[in-house]
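Once you've looked at the hints, dock chains B, C and D with the ligands against the given chain A.
Protein chains in written order, with my numbering: chain A, 1 to 323; chain B, 1001 to 1323; chain C, 2001 to 2273; chain D, 3001 to 3273.
What the hints contain is simulated information worked out from the structure, not anything from laboratory work. Just so you know, these numbers come straight off a predicted model, no measurement behind them. A portion of the hints provided could be inaccurate.
[What the hints assert, rightly or not] Chain B is faced by these chain A residues, among others (derived, beta-carbon under 8 Å): (1) Thr-81; (2) Leu-212; (3) Pro-224.
[Claimed, not checked] Residues from chain B that keep clear of chain D, each with C-beta distances beyond 10 Å, as calculated: (4) Ser-1032; (5) Arg-1068; (6) Ile-1089; (7) Ser-1109; (8) Tyr-1110; (9) Ser-1164; (10) Ala-1170; (11) Val-1192; (12) Val-1219; (13) Lys-1222; (14) Leu-1229; (15) Pro-1236; (16) Ile-1305; (17) Arg-1310; (18) Gly-1317.
Yeah, the Cβ is synthetic: ideal placement off N, Cα and C, and Gly gets one too.
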Amino acid sequence: MVCEGGNSVTLRHVNDVIDVDLSVRLAGIVLSNPVVVASGTFGFGAEYEPYVDVSKLGAIVTKGLTLRPRDGNPPPRVWETPSGMLNCIGLQNPGLDGYLRDHLPALRSYGIPVIANIAGDTVEEYAKLASELERHGGADALEINISCPNVKRGGLAFGVDASSAAAVVAAVKDATSLPVIAKLSPNVTDVVHIAAACKEAGADALSLINTLLGMAIDVDRKRPALGNLFGGLSGPAVRPVAVRMVWQVYEAVDLPLIGMGGITKGRDAVEFILAGARAVAVGTGNFVDPACTLRVIDEIRDYMIRNGFRTVSEMVGLAHRRE
Amino acid sequence: MVCEGGNSVTLRHVNDVIDVDLSVRLAGIVLSNPVVVASGTFGFGAEYEPYVDVSKLGAIVTKGLTLRPRDGNPPPRVWETPSGMLNCIGLQNPGLDGYLRDHLPALRSYGIPVIANIAGDTVEEYAKLASELERHGGADALEINISCPNVKRGGLAFGVDASSAAAVVAAVKDATSLPVIAKLSPNVTDVVHIAAACKEAGADALSLINTLLGMAIDVDRKRPALGNLFGGLSGPAVRPVAVRMVWQVYEAVDLPLIGMGGITKGRDAVEFILAGARAVAVGTGNFVDPACTLRVIDEIRDYMIRNGFRTVSEMVGLAHRRE
Amino acid sequence: MPVSANAAVKTIRQIISGVFRIVLDCPPIASEASPGQFVHVAVSGADSTDPLLRRPMSVCDVDVFQGGVTLVFRVVGRGTRELAQRREGETVSLMGPIGHGFELGMQVRQPLLVAGGMGIAPLLFLSKSLRAAGSVPLVLAGFARSRDVILIDDFRGYGAEVHVVTEDGTEGMTGRVTDYMDWAAQEMARRKPGNEIEVYACGPMPMLRAVQEWCLRSGVPGQVSLESRMACGTGACLGCAQLVVDPGGEKRYERVCREGPVFDVRRVIFPSD
Amino acid sequence: MPVSANAAVKTIRQIISGVFRIVLDCPPIASEASPGQFVHVAVSGADSTDPLLRRPMSVCDVDVFQGGVTLVFRVVGRGTRELAQRREGETVSLMGPIGHGFELGMQVRQPLLVAGGMGIAPLLFLSKSLRAAGSVPLVLAGFARSRDVILIDDFRGYGAEVHVVTEDGTEGMTGRVTDYMDWAAQEMARRKPGNEIEVYACGPMPMLRAVQEWCLRSGVPGQVSLESRMACGTGACLGCAQLVVDPGGEKRYERVCREGPVFDVRRVIFPSD
Ligand SMILES: Cc1cc2nc3c(=O)[nH]c(=O)nc-3n(C[C@H](O)[C@H](O)[C@H](O)COP(=O)(O)OP(=O)(O)OC[C@H]3O[C@@H](n4cnc5c(N)ncnc54)[C@H](O)[C@@H]3O)c2cc1C
Ligand SMILES: Cc1cc2nc3c(=O)[nH]c(=O)nc-3n(C[C@H](O)[C@H](O)[C@H](O)COP(=O)(O)OP(=O)(O)OC[C@H]3O[C@@H](n4cnc5c(N)ncnc54)[C@H](O)[C@@H]3O)c2cc1C
Ligand SMILES: Cc1cc2nc3c(=O)[nH]c(=O)nc-3n(C[C@H](O)[C@H](O)[C@H](O)COP(=O)(O)O)c2cc1C
Ligand SMILES: Cc1cc2nc3c(=O)[nH]c(=O)nc-3n(C[C@H](O)[C@H](O)[C@H](O)COP(=O)(O)O)c2cc1C
Ligand code: FES
Ligand code: FES
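Isolated chain A, as found in the complex (with noise of 0.2 Å):
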């Protein structure tokens, strides 16, 4: 902190000089800067408003949505590792219907796109939720979890097989006519070869990444941490997965990605960008520290003044370029 915050008196002067913009586009969809919330970090909003104000964030991204209310799993559902969490929420939400009727108005009253985060146990689960959540103005962008790996049934489902991934997508595509971002698992020999098939059936966007599968044991107990056996692991720790991954699937799709994994400050979000994101999902930094989304969109505007950046799409990819 001491490095980003010394001058800030001097970068402040600077900023009324350069006009920087840190607005992107991404999908259809326009963002005021490149920093949303990673899905089922950031609750449906109201969770986060005492610490932060909403409206400023690029998107704000849903828990993970399924038609019917779930209850999600046993607990504990979450443990520490070094620099980590485990969590096996399970995706507990209140479903469609309440999704629409408790959460939706009070997230509209932000002011920014919604992006919602759908789940399913079928193809067609899927589909109907997709068409739904369009038919009742739940979301201005879809986001497709194929790669959660808590939910038990079959284990990673859709999100590891290119074909079953590609299935999802062109299922929400055709359900509906909202911008549609695959969300891709880490778990994977090739994610490049899921993204390619994710484009294909048409994506319009691809996040990445979501939770690592890990476990841990309680030594004291002599069992396995998480009441579901295993969990997703996030924050800092896998960033350097996650990062390489942006990295893979940027070379080689040619579609905007939302990186993820591990954000905590400014420049972790500048290094998913240098590597080929064009916006940026905060999700365990929430829990760090409440305002952490806030705090690293400040910190992006810093490193793009002092490093003569203008607009955010100058970043995106440029680690990539050849001398």
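Positioned in the frame of chain A, the structure of chains B, C and D with the ligands alone reads:
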């Protein structure tokens, strides 16, 4: 540490009474305790002599060897990440002859099992290296590195495809009567599938995990941080992924396992053992504390005394038990 | 509304081996907090991501005029160990006050407070508030042994009647604290006949289970403060789930950080093992 | 043989903005270290795994009798920031002394020391040792500006002749330190005709590159101390590789932590960008 060391006087006392047997048998070799060093993190032992009585280790695993010497990758070769590090050493090693001439004599002097970690560009190279090592008494067991993500040639080569993995294992088994340990890559969709293929091909044990493929961007230089673009992620950050893989393979494949990935404390080692590992390797932990291995051995013993275990076998896989 | 703030350490003191009392300068939390609520404390240095998550700590006392927030915690792992190393003048990042605390209601009933170990922390603040509302709480304070006993003088200072129970009998009455709930109830009934009692409890899970059994058996209402592993502390992550049952018999997960940490004792479904 | 030890902080002091001088109590390192060697310093608390790796720091001075090891470091990131927060009496885990330091040889040549920025740290210890061996080193000490100048009095105290060079001319001579190597060489030749010189340099890479050019052009032997990202500090990980060339023209990677950090200036192949 307060917890572990708090009443060490009592512990030492108990230690005299209860007889804790740390020895384990693994793929036909006997280790005086379950703690070995991870390939590439302990050189050939001599490097750590100022800090560690190397003869107290369960075994020593050498830096990855190839038939001919290798120069390795251009620097920077290491980069710190949250609770972890990336490396792209690129298999720099003295080659078979250099190993036999310059390192083996000293290695033999420790009086502990020597496990040679071997790598190659082709199945034939692996086989040649294996037979030569056996012919010259260069090892008590071989660990096949089919997973090193650093060597450019076609990317992840053998380790991510079950049939190539099996081909290497089978060729090495054919070429030598030494015990063969296959070291698995975590960068796969289904580690159990690869593990099963290695068993099928004759592997006597499995090591898991090698490093996760990662990368970092140096936001000051706006370039990939490592000289070789991608690198292998190791250290505490990866432990949840490693423990999960040990757990999965233990459930499905009946072979002794060497668990590794982020062990820096006795409790970390116990986590792997309870998940199913018969031995554990300390890698990056050696860099953090050069005497890490010996401390881990002591802390495992303390844990056993505290929890009434008399042999390591009693603990192996214990967290899998059903109530 | 909770706030996120950097609070300076006013004082920090080891009160018994391994247990610390820290007073933090945080006027907004001091004035907003009610008994049973907690704060979510960042334990790492600003630049370290390990340990990553915040630690929940009950508000043990507040000084509204001085802006002080008192926490009392036991060093059990890395986070509490780091917290114990803070010195006066250094800052600690806090979120709070968080959660649904104890309901004092109209106080027509006599309060019986049951504490187990560190569970005593939130009950001090509760005791003070109950006293201010006109009740004299009877406190059963259970500990493993004499050298674990804490905060008793503070309770007496706030006008509560405290009875110490130690498992090994090295101080006060011998046994488990819940063994004395019958006795306490009789005592309270004897002193104020006709006036019914309400239980407020905080402590380890087996103790709370015994409290629940006692309350159900005795038909006495109660409120219990639960613990749970937490990530966000805002209600967003759904990590701190606790299984509860509605009067209608419907079960669901509620958030210890939001609907809790204090729950109606009848609603809680403790895990089976 | 290097050791791994917990060393107590004897003193820690900010000597200029962002630069700290820390004296650690570590008799085995104090007595074993030679100029140009370094220590590998653990920067995290015992229980944190972030930041994970140790930080290499040159031995700036030693006090063999008192067992003191002096480091002088600039706060540039998380590790050095944590180190700067240590207080007297706290301990720091050290490995050392590590590496191949400067070769003082027979000292038939006059020593010309060239320092850039923080690269001055190991040259103080070198200067002291040279003086003890009977030479009077001439030191060109380069800094960006006057307010970065450090350690000059210490050099003078050890009997060295120091000339400060600042890039912006706010102190001493103006320009880059390597611009004055010709001048220094002439000066040294003038004072002791016939006695040849040897260069010892430490500083940022562009400076060392200029030193290399100067040495090759002038036919003067030299030793340069290099930096590299390090993991183990023992020679095991091969992470700190530096490309070097043998007299025979063969190139290979050597370890900055083992064959270095000090290399013969003719052997170093600097990266092209
Ligand atoms: C609402 C609430 C109020 C609390 N109030 C107090 C208090 O006033 N005084 C006090 O001493 N303790 C209190 N605790 C328990 C306290 O939060 C834990 O002791 C503390 O988190 C341990 O952290 P650690 O890093 O030292 O332990 P570690 O075991 O290293 O922690 C690892 C992880 O587990 C979590 N964890 C460990 N133990 C517990 C626990 N018992 N409950 C919840 N999470 C846990 C940590 O938060 C962390 O995420 C409270 C817990 C809750 C939920
Ligand atoms: C042999 C040697 C001797 C050194 N002596 C001194 C000295 O006497 N005084 C001094 O101020 N500095 C010295 N340095 C540089 C010092 O090691 C770095 O400034 C320090 O590691 C930065 O750590 P950080 O956590 O503050 O920075 P961060 O940038 O947060 O560190 C991140 C990682 O990069 C590494 N790193 C960052 N900068 C450097 C660097 N310049 N060289 C090597 N690794 C780096 C760190 O060790 C760490 O692994 C020396 C370096 C070497 C190799
Ligand atoms: C508690 C928690 C709940 C999550 N829930 C969801 C979810 O419902 N849907 C989804 O697609 N991703 C979910 N994720 C994954 C995050 O959106 C994100 O992809 C991942 O955590 C990596 O980012 P981070 O390291 O910044 O947290 C969840 C993550 C966490 C930690
Ligand atoms: C610097 C470095 C070099 C490594 N070299 C090798 C190698 O040559 N062969 C190999 O099989 N694994 C190699 N590995 C992987 C380790 O043996 C180990 O599988 C991995 O680092 C995970 O363990 P850790 O987290 O304890 O380090 C290397 C790891 C590191 C950090
Ligand atoms: S801790 Fe996140 S919902 Fe309670
Ligand atoms: S730092 Fe590991 S070999 Fe030099």
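To see whether the hints hold, each was checked on the structure:
1. Thr-81: OK, holds: Thr-81 of chain A within 8 Å of chain B, min 5 Å.
2. Leu-212: Holds, because the Cβ-Cβ distance from Leu-212 of chain A to chain B comes to roughly 6 Å (cut-off 8 Å).
3. Pro-224: Because about 6 Å separates Pro-224 of chain A from the closest Cβ in chain B, which is inside the 8 Å limit, the hint holds.
4. Ser-1032: Since the minimum Cβ distance to chain D is about 22 Å, Ser-1032 of chain B lies beyond 10 Å and the statement holds.
5. Arg-1068: Nearest chain D Cβ is 14 Å from Arg-1068 of chain B, so the label holds.
6. Ile-1089: violated, 5 Å
7. Ser-1109: holds, 17 Å
8. Tyr-1110: holds, 15 Å
9. Ser-1164: Per Cβ check, Ser-1164 of chain B is outside 10 Å of chain D; nearest 27 Å; holds.
10. Ala-1170: About 31 Å separates Ala-1170 of chain B from the closest Cβ of chain D, which puts it past 10 Å; holds.
11. Val-1192: holds, 28 Å
12. Val-1219: Check passes; 12 Å lies beyond 10 Å.
13. Lys-1222: Fine: 13 Å to the nearest Cβ keeps Lys-1222 of chain B off the interface.
14. Leu-1229: At roughly 15 Å from the nearest Cβ of chain D, Leu-1229 of chain B sits farther out than 10 Å, so the non-interface label holds.
15. Pro-1236: Pro-1236 of chain B is in fact no farther than 10 Å from some Cβ atom of chain D, at 4 Å.
16. Ile-1305: It holds; Ile-1305 of chain B is separated from chain D by about 22 Å at its closest Cβ, greater than 10 Å.
17. Arg-1310: Holds, since 30 Å exceeds 10 Å.
18. Gly-1317: holds, 26 Å
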